[in-house]
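Asker: Residue numbers (the working numbering), protein chains in the order written: chain W, 93 to 493; chain C, 3 to 392.
Bear in mind the hints are in silico, worked out from the structure with no lab data behind them. No experiment lies behind these values; they were computed from the predicted model shown. Each hint should be verified, as a subset may be incorrect.
With a straight-line Cα cutoff of 16 Å, these simulated EDC-like cross-link-like pairs (lysine to aspartate or glutamate) come out [claimed, not checked]:
(1) W:K154 <-> C:D219
(2) C:K113 <-> C:E129
(3) C:K358 <-> C:E259
(4) C:K33 <-> C:E66
(5) C:K85 <-> C:D116
(6) C:K10 <-> C:D26
(7) W:K306 <-> C:E66
(8) W:K306 <-> C:D26
(9) C:K4 <-> C:D60
(10) W:K306 <-> C:D62
(11) C:K248 <-> C:D372
(12) C:K85 <-> C:D41
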Amino acid sequence: MRYNGTNGIFAALIFCAQEEEAFLEERYLDNSATTPVDPEVARYALELMCQNYGNPSSLHHKGFEAQLALERARQQAASVFSADPRRIVFTGGGTDSNNLAICGTALALRRTKGRMVVNAAEHASVLKAMDWCESEGWEVVRVAPLADGTPDLEAFAAAADARTALVSCMAVNSETGAVTDLRRLSRAVKAKNPKTLVHCDAVQAFCRLELNPKTLGLDFVSASGHKINAPKGAGLLYMAPGTRVVPLLHGSGQEGGLHPGTENMPGFCALGLAAQRMQARRAELWDRYTALRARLVTKLQQIPGVCINSPEGAAPYILNLSVPGWRSETLIHYLERLGVYVSSGSACSKGARSHVLAAMGLSDARIDSALRVSLGQYNTPADLDAFAAGLQQAMAEVARK
Amino acid sequence: MKEIILIKNGEIALKGLNRGNFEDMLIKNCKRHLRSVGDFKFSKAQSTIYAAPVGEPDMDAALERLSTVYGIAALSRAAVTEKDLGAICACAGEYLADQLSAVRTFKVETKRSDKTFPLGSPQISAEVGGWLLDHFPNLRVDVHQPDLVVNVEVRDFGAYVHAGQLPGAGGIPVGSGGRAALLISGGIDSPVAGCMMARRGLEIIGVHFASPPYTSDRALHKVEQLVQKMTPWCGRIYLYVVPFTKIQELIRDNIPEDYFTLVMRRFMMRIAEGIALREDCGALVTGESVGQVASQTMQALACTDTVTALPVLRPVIGMDKEEIVERARRLDTFEISIQPYEDCCTVFTPHHPKTKPKAADLDALEQALDVEALVREAVEAAQGRVFYLE
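Take these sequences, add in the hints, and give me the full structure.
Answerer: Quick look at the structure:
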């Protein structure tokens with residue numbers, strides 16, 4: 093078969109992927125780590141690489157065309173928040189956004205280094221950003237989650253005071269799926285001090301949960317593309333009207349000076365399109381995830397020795413479970429040979445102990461055997477059946493510790 | 003709790019026989035503004051229009067949408083309840099609970115337009131006030147300077163309870179005064195001028211002059227964004243883009259430099275008038291001021307005025323730049339306007355523009371060009387595009 097130019101590259105890539113699939117049905121259940129790119133979105137990204145490839149800052153028409161695509165992406169992302177496009181800053185990902193919000197605020201308020209409050213179960217990028225603030229002279233209060241993994245809202249409210257500049261709490265926990273009552277959190281915190289800013293890492297919630305920063309009282313919201321079937325390397329930060337951060341990068345002024353550097357057009361535009369597509373299916377997918385989760389839990393309840401770590405009311409697309417006596421990593425490798433992909437703790441920690449589960453007060457045996465099943469839009473009931481069956485098989489064949 | 007929006011007309015109430023038409027136009031405009039929020043049923047009584055939601059639309063969004071509709075003096079969001087004293091009291095207590103708990107003094111103001119209701123307005127106020135005093139121990143009555151005024155209206159269709167009104171956008175409904183053509187350059191002033199005339203009831207169409215390659219796609223895109231920003235106030239806007247390069251180059255080649263801007267503006271006015279007449283407009287609108295730039299002296303305005311038969315409305319002519327900027331900020335057009343893209347007016351600027359021109363001199367200079375033919379050509383070549391309220 094002959095292909096030409098960019099179509100050829102793309103077709104060849106699909107061709108190769110299909111070749112490998114012939115051996116083993118892929119059951120990818122690690123969507124909280126990352127997701128496959130939606131082919132429509134990939135096609136659009138390619139268009140931005142090879143056809144509409146202008147630099148939005150160029151004066152000529154090619155630049156203008158690119159600028160229009162960027163405006164469209166910003167509008168698509170802003171619609172998810174029911175917000176004005178000017179509220180959106182495109183960044184290099186969730187980590188980038190979290191740093192910009194937290195460290196950017198710390199720099200903006202450097203003259204009055206007060207307090208920051210953070211949920212102890214946050215992603216490493218939030219915790220490390222807070223560590224940096226602490227090293228710069230800020231007082232950082234880390235609030236342990238409740239035993240069920242949800243943030244301790246009372247402790248948050250108690251820790252917020254007249255000196256508290258910013259609090260940070262994620263919308264959905266990436267390991268357990270625990271959902272934060274953001275409205276209650278922001279109300280409680282702002283009742284103590286109306287000027288306290290509320291930052292929310294919504295990487296695991298964006299386009300999956302209803303997120304209106306105005307009604308939820310959020311000043312900053314971070315999101316990432318590669319969790320919603322867009323390519324890795326692009327994310328965004330929503331900034332409420334009136335908020336101000338000092339940028340961490342210096343350069344030519346793109347993104348209102350907050351994230352300079354020639355815009356990652358394929359990344360940002362793909363993110364915009366993916367957000368629009370995912371948001372349109374939000375309710376439908378939520379129902380589907382709920383049904384899939386119920387099916388899985390039923391199957392798991394029939395396997396003795398399996399316990400569920402995720403709390404009641406957790407997001408249906410993340411399920412954390414433990415199999416005390418077996419090691420997570422061994423189970424993961426066993427399952428991958430059956431084509432089933434899951435993770436233990438957060439992917440970023442590369443197998444290190446889950447600080448989230450530890451913060452929840454779980455026993456060592458439970459932490460060491462924790463597995464996370466996270467659903468995406470392409471998962472089917474068969475994927476979950478394969479996981480359950482595979483897990484049962486693993487428990488039978490693999491030696492206990 | 004079932005809610006309703008009360009829309010109070012201001013000036014319309016003065017219009018006598020025309021009132022019905024004005025109100026119908028206002029209702030039509032309100033409907034269009036609320037289309038993206040949800041379904042509303044409209045009814046009218048005395049000088050109030052009622053917008054009752056069908057289903058459960060976002061009422062905050064509805065109020066925001068109505069806050070930019072000209073012809074509305076005030077807006078209230080009210081709870082609907084039965085015309086029964088007990089129900090009214092309970093409704094007031096529930097609907098306004100947050101506000102009532104947060105204030106110390108209040109009073110009740112009742113309007114009773116349904117004369118069949120057994121109690122008179124003062125009695126209703128007394129009863130409701132008494133009930134609220136019983137249920138909110140923090141409250142005292144103060145009839146002179148209360149923190150909160152609880153409004154009760156007993157109308158034919160039902161009873162409404164609300165506290166406070168939002169100011170409306172004022173003015174008269176767009177479309178009730180005819181149509182006008184706005185010369186829109188991309189600067190700060192023209193969008194403000196357009197909205198000010200829309201506020202007096204005029205439907206606005208836009209006329210913009212483009213001179214590629216001297217002006218860019220981005221300059222046009224900027225104007226399109228401005229027009230879109232005007233739609234919440236002006237309603238649907240047709241924008242005509244006139245290809246102006248040929249005329250500008252002919253001016254540069256045939257007219258003395260000091261008169262460039264003046265002749266250019268005269269051409270713009272003639273072309274705008276041509277489009278205006280074709281589109282049934284009764285006036286032109288510009289963002290001209292006096293004294294802001296060299297070409298905007300009284301004498302210069304006199305020279306541009308003489309070329310058109312239609313009246314030229316210049317609503318910002320008496321305003322300071324700061325005032326115009328403030329209005330532009332409120333319209334949310336300011337940030338777009340200050341983007342630095344060349345527009346026609348800055349393309350061939352003379353070093354020493356004539357500040358006290360005489361119309362007779364300009365007429366003479368323009369003999370070098372076939373003005374009528376150029377104007378006709380430009381009017382015919384204008385490309386129209388419509389911008390709808392989103």
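Asker: Confirm or reject each hint.
Answerer: Verification of the hints:
For a cut-off of 16 Å, the pair hint linking K154 (chain W) to D219 (chain C) stands: about 11 Å separates their Cα positions. Our distance criterion of 16 Å between C-alpha atoms is met by K113 (chain C) and E129 (chain C), whose separation comes to about 14 Å. Only pairs whose Cα atoms come within 16 Å are accepted, and K358 (chain C) paired with E259 (chain C) is accepted, the gap being roughly 15 Å. Pair hint K33 (chain C) plus E66 (chain C) holds up; C-alpha atoms about 14 Å apart against a cutoff of 16 Å.
Between the alpha carbons of K85 (chain C) and D116 (chain C) the distance comes to roughly 10 Å, so the proposed pair stays at or under 16 Å and holds. Restraint check for K10 (chain C) and D26 (chain C): satisfied, since their Cα atoms lie roughly 14 Å apart, inside the 16 Å limit. Between K306 (chain W) and E66 (chain C) the CA atoms are separated by roughly 14 Å; this keeps the pair inside 16 Å, and the hint holds. Restraint check for K306 (chain W) and D26 (chain C): the C-alpha separation of about 34 Å exceeds 16 Å, so the hint is violated.
The hinted pair formed by K4 (chain C) and D60 (chain C) meets the criterion: a straight-line CA distance of about 13 Å does not exceed 16 Å. At most 16 Å may separate the alpha-carbon atoms for a hinted pair to count; K306 (chain W) and D62 (chain C) meet this at roughly 12 Å. A threshold of 16 Å between alpha carbons decides the hint, and for K248 (chain C) with D372 (chain C) the separation of about 12 Å falls inside it, so the pair holds. At roughly 25 Å between alpha-carbon atoms, K85 (chain C) and D41 (chain C) are farther apart than 16 Å, so this suggested pair is violated.
The structure is inconsistent with the numbered hints 8, 12, although it conforms to all the rest.
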